Amino acid sequence: MLSAGVRIGVPLLLLIAWWYGSSSGRIPPDVLAAPSSVLGALRELIATGQLTDYLLASAHRAGLGVLVGAGIGLLLGVAAGISALGEELVDPTMQMMRAVPFLALVPLFISWFGVGETFKIVLIAVSAAIPMYTYTYLGVRNVDRKVVEAARGFGLRGHRLALGVIIPSALPNILMAMRICLSVSLTGLIAAEQIGATEGIGYLVTLAQQYFRIDYMVLCILIYAGLGLIFDGAIRLVERLAMPWRRHVVAR
Amino acid sequence: MTEPTIGEQHADDDLAVQISGLHKAFGAKTVLSGVDLEIRRGEFFALLGPSGTGKTTLLRILAGLEVPDAGTVLAARRRTTVYQEPRLIPARKVLANVTLGLPAAARDPGRRALAEVGLDGYGGAWPATLSGGEAQRVALARALVRDPEVLLLDEPFAALDALTRLQMQELVAELCERHRPAVVLVTHDVDEAVRLADRVAVLREGTLAVDQTIDLPHPRDRNSPSFVDHRRLFLSHLGVVPAASH
Ligand SMILES: Nc1ncnc2c1ncn2[C@@H]1O[C@H](COP(=O)(O)OP(=O)(O)OP(=O)(O)O)[C@@H](O)[C@H]1O
Ligand SMILES: [Mg+2]
Chain Z
39 MLSAGVRIGV
49 PLLLLIAWWY
59 GSSSGRIPPD
69 VLAAPSSVLG
79 ALRELIATGQ
89 LTDYLLASAH
99 RAGLGVLVGA
109 GIGLLLGVAA
119 GISALGEELV
129 DPTMQMMRAV
139 PFLALVPLFI
149 SWFGVGETFK
159 IVLIAVSAAI
169 PMYTYTYLGV
179 RNVDRKVVEA
189 ARGFGLRGHR
199 LALGVIIPSA
209 LPNILMAMRI
219 CLSVSLTGLI
229 AAEQIGATEG
239 IGYLVTLAQQ
249 YFRIDYMVLC
259 ILIYAGLGLI
269 FDGAIRLVER
279 LAMPWRRHVV
289 AR
Chain G
4 MTEPTIGEQH
14 ADDDLAVQIS
24 GLHKAFGAKT
34 VLSGVDLEIR
44 RGEFFALLGP
54 SGTGKTTLLR
64 ILAGLEVPDA
74 GTVLAARRRT
84 TVYQEPRLIP
94 ARKVLANVTL
104 GLPAAARDPG
114 RRALAEVGLD
124 GYGGAWPATL
134 SGGEAQRVAL
144 ARALVRDPEV
154 LLLDEPFAAL
164 DALTRLQMQE
174 LVAELCERHR
184 PAVVLVTHDV
194 DEAVRLADRV
204 AVLREGTLAV
214 DQTIDLPHPR
224 DRNSPSFVDH
234 RRLFLSHLGV
244 VPAASH
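Listed in order, the protein sequences are those of chains Z and G.
Position in the first sequence (from 1) plus 38 gives the number in the numbering used here.
Position in the second sequence (from 1) plus 3 gives the number in the numbering used here.
Hints listed in this document are in silico derivations from the structure and should not be mistaken for laboratory results.
Just so it is clear, the structure is predicted and the values come from calculations on it, not from any experiment.
Be aware that one or more of the hints could be misleading.
What the hints assert, rightly or not - Here are the simulated SDA-like pairs of lysine to any residue, each with C-alpha atoms no more than 20 Å apart in a straight line:
(1) Lys96/G <-> Val70/G
(2) Lys96/G <-> Arg284/Z
(3) Lys184/Z <-> Trp129/G
(4) Lys184/Z <-> Arg198/Z
(5) Lys184/Z <-> Gly136/G
(6) Lys96/G <-> Arg198/Z
(7) Lys96/G <-> Pro282/Z
(8) Lys96/G <-> Val186/Z
(9) Lys184/Z <-> Pro112/G
(10) Lys184/Z <-> Pro93/G
(11) Lys32/G <-> Val70/G
(12) Lys96/G <-> Val106/Z
(13) Lys184/Z <-> Ala162/G
Take these sequences, add in the hints, and give me the full structure.
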């Protein structure tokens with residue numbers, strides 16, 4: 039397919055340029071490690087089993103954090119989007135929270151929770167809750183009021199109205215929020231695993247920095263890029279499965 | 004002003020709708036100022052009126068979506084609305100839209116209602132794949148399956164192309180003939196009103212300016228002298244052409 043070719047074209051060109059630049063000596067190894075040494079670092083990590091351990095440790099933290107954070111964000115977003123009271127109760131606080139970079143919460147959270155797992159999960163949960171809330175709230179607000187009114191007229195109220203009409207209609211926004219939650223959680227991992235961690239892909243960044251291993255630094259970037267790709271693909275898949283009505287929507 | 008009275012028309016009452024002294028204002032703007040209206044069971048009533056005179060407001064009060072400021076509104080219990088837009092839920096299939104809010108046992112009646120509007124076998128389709136006319140017919144089936152005593156139609160044909168509109172008018176006439184609900188059809192189309200209704204009224208400055216029974220046999224020929232007379236009468240009340248002097 040043409041679009042698939044176009045999609046991978048630019049990354050492929052960058053890869054070739056990197057490989058050529060390194061092997062011809064135009065890119066010195068202390069600026070950017072050669073593909074071969076990055077590959078070597080990857081092999082090393084795989085051989086020692088560290089890569090699997092790190093990925094699992096991070097997946098556990100990020101998964102739990104995103105689950106809790108996105109769940110809370112979703113609930114608050116729906117509540118604020120549906121009811122005027124909910125909006126007044128929740129929205130001002132969430133808008134304030136949104137203005138605070140979540141990394142600024144690190145010192146406070148450490149003093150509350152110590153540097154253990156709790157701190158890491160809470161940090162990621164908070165970082166995920168905010169975008170989930172924001173986009174869900176917008177999505178619910180933008181659901182066609184006329185359709186909701188009609189559904190109410192046909193006897194749908196409360197959770198049946200929320201689950202049957204409002205949340206499905208807001209689903210494109212909610213999935214977009216999920217995309218953002220996942221990528222924000224990667225940032226959260228780097229911040230959280232800088233402190234008090236002995237494994238994790240965020241910890242790997244810290245390690246590479248401490249020992250000034252450029253090959254590991256580049257490897258980290260590639261791992262994050264790969265995870266980004268996987269998340270993107272996963273969300274696309276969910277979009278197809280969870281919104282079958284959209285597959286049939288031809289631009290009319 | 005006295006508190007409004009809102010209630011249910013008794014099932015064996017001959018009237019499906021009974022409105023008297025109905026007042027409704029939005030802020031400082033008075034929209035309805037003393038509407039009196041009675042509609043018999045099975046009667047097809049059409050409401051004309053310039054834009055912004057409160058036709059939709061009257062319909063919404065009948066549907067229970069809006070509360071009047073004063074007056075009495077009695078209406079039969081089963082009322083349902085078809086709007087200018089189909090208002091289908093995009094995330095639910097056609098049959099689920101038709102049986103929205105009904106128990107699972109309504110699936111078969113739902114399919115039958117779809118067949119009645121000419122959409123046999125469309126139950127599994129997504130609303131986004133329907134044409135405008137088809138979507139509006141689904142909305143009609145969604146109303147029909149509830150077996151309404153009062154069918155409220157707010158410009159249900161206005162967004163359709165001319166040919167589809169004629170077909171839909173035909174379909175609605177046929178369905179109302181078969182199921183005999185009391186109908187309130189709000190429309191801007193004088194010909195449509197005269198063609199379909201047993202009785203036509205014009206809402207103007209908050210009250211019903213004319214309220215005229217159309218005593219012509221169906222199907223009605225829009226070129227017949229009496230049709231033309233009716234048209235002229237309503238148009239004059241809408242301020243479009245001067246009434247012909249008799
Ligand atoms: N919720 C509302 N708040 C304030 N004003 C309203 C509201 N609903 C209706 N109005 C006003 O009441 C008047 C009557 O509105 P309505 O929709 O009933 O008119 P209509 O006769 O149906 O017009 P049209 O033929 O254009 O559909 C309008 O001036 C409108 O602006
Ligand atoms: Mg209107």
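Status of the hints after comparison with the structure:
Our distance criterion of 20 Å between C-alpha atoms is broken by Lys96/G and Val70/G, whose separation comes to about 32 Å. Between Lys96/G and Arg284/Z the alpha-carbon distance is near 12 Å, which keeps this suggested pair within the 20 Å criterion. For a cut-off of 20 Å, the pair hint linking Lys184/Z to Trp129/G stands: about 19 Å separates their Cα positions. Under the criterion of a C-alpha separation no larger than 20 Å, the hint pairing Lys184/Z with Arg198/Z is consistent with the structure, at around 17 Å.
For the hint linking Lys184/Z to Gly136/G, the alpha-carbon distance of about 18 Å falls within 20 Å, and the restraint holds. At most 20 Å may separate the alpha-carbon atoms for a hinted pair to count; Lys96/G and Arg198/Z meet this at roughly 16 Å. A C-alpha spacing of about 10 Å is found between Lys96/G and Pro282/Z, which places the hinted pair at or below 20 Å, so the restraint holds. Between Lys96/G and Val186/Z the alpha-carbon distance is near 16 Å, which keeps this suggested pair within the 20 Å criterion.
For the proposed pair Lys184/Z and Pro112/G, the alpha carbon gap of about 25 Å is over 20 Å, so the pair is violated. Note on Lys184/Z and Pro93/G: the hinted pairing holds, with a Cα-Cα distance of about 13 Å set against a maximum of 20 Å. Using a Cα cut-off of 20 Å, the hinted pair Lys32/G and Val70/G holds, with the two alpha carbons roughly 15 Å apart. Between Lys96/G and Val106/Z, the direct Cα distance comes to roughly 32 Å. Violation of the 20 Å bound is thereby established for this hinted pair.
A distance of roughly 16 Å separates the Cα atoms of Lys184/Z and Ala162/G; the hinted pair therefore holds under the 20 Å criterion.
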